[in-house]
Amino acid sequence: WLDMKAEMERLDLPLYTMESKDPLTDFDAVGFTLQYELSYTNILAMLDLAHIPFYAKDRDEHWPLIVAGGPCACNSEPIADFFDVIQLGEGENQLPSICAEIERAKKEGSVSKKELLRRIAKIPGVYIPAFYDVTYFEDGRVKAITPNEPGIPAVITKAIIKDLNEFAPPTNFVVPMVGAIQDRASIEVLRGCVRGCRFCQAGFLYRPMRQRDASLLNKAAQDLCANTGYEELSLSSLSTSDHGQLEELLDDLNEWAPKEHVSLSLPSLRMDNFSQSLIEKTTKVRKSGLTFAAEAGTQRLRDVINKNVTWDEIEKTCSLAFANGYSSVKLYFMMGLPTETMEDIEGIAETAQKVVDLYYSNPRHAKGRGVQVTISCACFVPKPHTPFQFVPMDTEESLQAKQKHLLESVHSRKIKVNYHDSTTSFLEGVFAKGDRRLAPVILEAYKRGCYFDGWEECFKYDTWMQVFEDLGIDPKFYCQRPIGLDEVTPWSHMDYGVTHEYLVREYNKALAAQTTQPCNRACHGCGANHLLGGPCFDYSQNLV
Numbered sequence: 001w002l003d004m005k006a007e008m009e010r011l012d013l014p015l016y017t018m019e020s021k022d023p024l025t026d027f028d029a030v031g032f033t034l035q036y037e038l039s040y041t042n043i044l045a046m047l048d049l050a051h052i053p054f055y056a057k058d059r060d061e062h063w064p065l066i067v068a069g070g071p072c073a074c075n076s077e078p079i080a081d082f083f084d085v086i087q088l089g090e091g092e093n094q095l096p097s098i099c100a101e102i103e104r105a106k107k108e109g110s111v112s113k114k115e116l117l118r119r120i121a122k123i124p125g126v127y128i129p130a131f132y133d134v135t136y137f138e139d140g141r142v143k144a145i146t147p148n149e150p151g152i153p154a155v156i157t158k159a160i161i162k163d164l165n166e167f168a169p170p171t172n173f174v175v176p177m178v179g180a181i182q183d184r185a186s187i188e189v190l191r192g193c194v195r196g197c198r199f200c201q202a203g204f205l206y207r208p209m210r211q212r213d214a215s216l217l218n219k220a221a222q223d224l225c226a227n228t229g230y231e232e233l234s235l236s237s238l239s240t241s242d243h244g245q246l247e248e249l250l251d252d253l254n255e256w257a258p259k260e261h262v263s264l265s266l267p268s269l270r271m272d273n274f275s276q277s278l279i280e281k282t283t284k285v286r287k288s289g290l291t292f293a294a295e296a297g298t299q300r301l302r303d304v305i306n307k308n309v310t311w312d313e314i315e316k317t318c319s320l321a322f323a324n325g326y327s328s329v330k331l332y333f334m335m336g337l338p339t340e341t342m343e344d345i346e347g348i349a350e351t352a353q354k355v356v357d358l359y360y361s362n363p364r365h366a367k368g369r370g371v372q373v374t375i376s377c378a379c380f381v382p383k384p385h386t387p388f389q390f391v392p393m394d395t396e397e398s399l400q401a402k403q404k405h406l407l408e409s410v411h412s413r414k415i416k417v418n419y420h421d422s423t424t425s426f427l428e429g430v431f432a433k434g435d436r437r438l439a440p441v442i443l444e445a446y447k448r449g450c451y452f453d454g455w456e457e458c459f460k461y462d463t464w465m466q467v468f469e470d471l472g473i474d475p476k477f478y479c480q481r482p483i484g485l486d487e488v489t490p491w492s493h494m495d496y497g498v499t500h501e502y503l504v505r506e507y508n509k510a511l512a513a514q515t516t517q518p519c520n521r522a523c524h525g526c527g528a529n530h531l532l533g534g535p536c537f538d539y540s541q542n543l544v
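In the numbering used here, the protein residues as written are 1 to 544.
Don't take each hint at face value.
[Unchecked claim] Here are the simulated DSS-like cross-link-like pairs (lysine-lysine), alpha carbons at most 25 Å apart as the crow flies:
hint : residue 1 : residue 2
1    : K219      : K281
2    : K259      : K284
3    : K106      : K21
4    : K404      : K460
5    : K447      : K5
6    : K281      : K259
7    : K316      : K414
8    : K122      : K107
9    : K316      : K416
FYI, nobody ran anything at the bench for these hints, they're computed from the structure.
Using the sequences and the accompanying hints, generate a full structural model.
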């Protein structure tokens, strides 16, 4: 990674593609997926290595179109000036349509870049940053975001796939020749989530929930493992145990997976529907680790964030795991949540200790082995398009004090505590709710040696803070102040289905510690149903 970049710069070797070795400048379009805010400098590093100008305004029709998509596209404003085209939502139909317009323009010849972008802008869910002007109040808040070209929508609605069964998961792709993170076969079983956790950006971006049929998934999974040679299959989604045919799917997979020595992994398991049947059907080859998200240490705070999990469900889940021979459990939590107090932090340690005690009180626990409970505690970062977009992020000083208090509250060697660096989370929060005025900051930081910012050993916090100071921008303005409920945000022109009114309603319910039940049980009027042209679920089965 780092040494390869340095060597390419030393040799003046332009960035090239893996298969054909063609330089990026030979292509009609170059695409980036925006998975994480701290990857933005790496995008600039790749453009730099490819000898492609950073800013879209400096590239005419002789340069590739620089295209972005992915979850961070929901507020891509901090890097909007670098991109020609940004895809909002799901790209299965979008991307082929964009490529078709590029192909048509090439056949016609002498089509200007601006004319090509006008054509691409007509594709549903496509955002052309150059076609929008942003104005600001004197205090720095966004005043208005307005189109500057005729026929351009004031608000871009995300693209969505109504039926996932029309798009089978990919089953044949390049397998890394070295070990990598998440080095396993992975198949998307459903998209979206019904739970409505108020902190979870993905749960709001990918609404409404849609699932693939069990028969299609089984065939795709078998082809995927045969083509790649992987011996671990992950059934991935935001909440895999909410798939309506999960038991049937696991039965189908177990017809062939054990014979091929393929183990099954179910990430994103919920404590309120973890069962003996799921354990038995996912451990026929080998046991993988168990990870559960409790998110908060007290019931009050779990209600605030709408994490509808109780201690009784935590107890039942962990007892079941220990009775089936598991001796280690990882529990995910967050700190810095809205309305959080030190009592909630102590609740994290108390919850972990109760789980340790459960292990030794369970007569069926694994003999001859001690229990290991791992607390993994992330710093909460408020994100756009969620009910918590209005709240300020906790300060670094407060987060560090809470991390220290958590460590002091844990008294058992059976409990291991991991937590995220608050400084990287701070920068993530800045970019998550940032605007176009941050583009020069990101570029200047890159020029001063910042990239791979998501890696602690590469992250240069002091350099970032110096760049903010030198450019006269206060980073705390973006993430550590409350956003007015009627304020125009940098992402106000991006529609992901959920209405502003619903986010405000959920925000007020959070402050009152009131919960909202999953949306497959009752519709709460979030607005996402208009994306499908009708109800998201058949609610008639819920009638008594």
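- Task: Against the structure, test the hints numbered earlier, and report the numbers of the ones violated in rising order.
- Result: Those not satisfied: there are none.
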